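Following the hints, put chain B in place on chain A, whose structure we already have.
Those protein sequence lines, which keep their order, are chains A and B. For the first sequence, position 67 matches number 67 in the UniProt record's numbering, and the numbering has no gaps at all. For the second sequence, position 19 matches number 19 in the UniProt record's numbering, and the numbering has no gaps at all.
Read the hints as simulated data drawn from the structure, not as lab findings. Hints are supplied without guarantee of correctness; some may be wrong.
[As the list claims (entries may be wrong)] Here are the simulated BS3-like cross-link-like pairs (lysine-lysine), alpha carbons at most 30 Å apart as the crow flies:
# : chain 1 : residue 1 : chain 2 : residue 2
1 : A       : Lys78     : A       : Lys41
2 : A       : Lys11     : B       : Lys41
3 : A       : Lys78     : B       : Lys41
[Stated by the list, open to error] If you anchor each label on the Cβ, the simulated ranges turn out as follows:
# : chain 1 : residue 1 : chain 2 : residue 2 : range
4 : A       : Glu53     : B       : Ile72     : 35 to 41 Å
5 : A       : Arg24     : B       : Arg28     : 21 to 27 Å
6 : A       : Met1      : B       : Arg24     : 14 to 20 Å
Since we're looking at a predicted model, the values are computed, not measured. C-beta atoms are modelled at their ideal positions from N, C-alpha and C, and glycine is treated no differently.
Chain by chain, the residues:
There are 2 protein chains.
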Amino acid sequence: MARVVVDVMLKPEILDPQGQAVQRALPRLGFEGISDVRQGKRFELEVDGPVDEATLGRIHDLAESFLANTVIEDFTVKVEEVAEAVK
Amino acid sequence: MARVVVDVMLKPEILDPQGQAVQRALPRLGFEGISDVRQGKRFELEVDGPVDEATLGRIHDLAESFLANTVIEDFTVKVEEVAEAVK
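If we strip away everything but chain A, and leave its shape as in the complex, we get (with noise of 0.2 Å):
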């Protein structure tokens, strides 16, 4: 069993509301020197079996039509360590 993990952020046009409201309260609660904060999402999906291209290939439609709105949103797909072995 492998986990991939797709991270799915605003893309750096688009205004992160979520994100600006974190980064404007952060000298409120003592912390300075962070210049921006973008808030996204982050999708774990355990998949049976090996991970192969053809498995991340499938991942990568799925995270295109249902998990990212690609009009305003990037995504990245990406083995984690587990499945890095067994690839």
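Below, chain B without anything else, positioned relative to chain A:
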């Protein structure tokens, strides 16, 4: 400028209805072989200056006190590629 990523996920023992909704929808959409999905949050923090141990310590405190609800969530702090050259 360096980027530090804070990933916040529900603890394994906490029910994740968002992730379950995704997982249950997958076979209907033609994606088989994914046995579990967990959904969490990803924060990308742009840090001014180098990311040293002290900075990472402060970001760890920030994540613990502000980005994550540690009663129900786990978090990880990691430095992304740009910053690894700085370290």
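Notebook entry, point to check: Tell me, which hint numbers fail for this structure?
Noted result: Violated hint (a single one): 5; every other hint is consistent with the structure.
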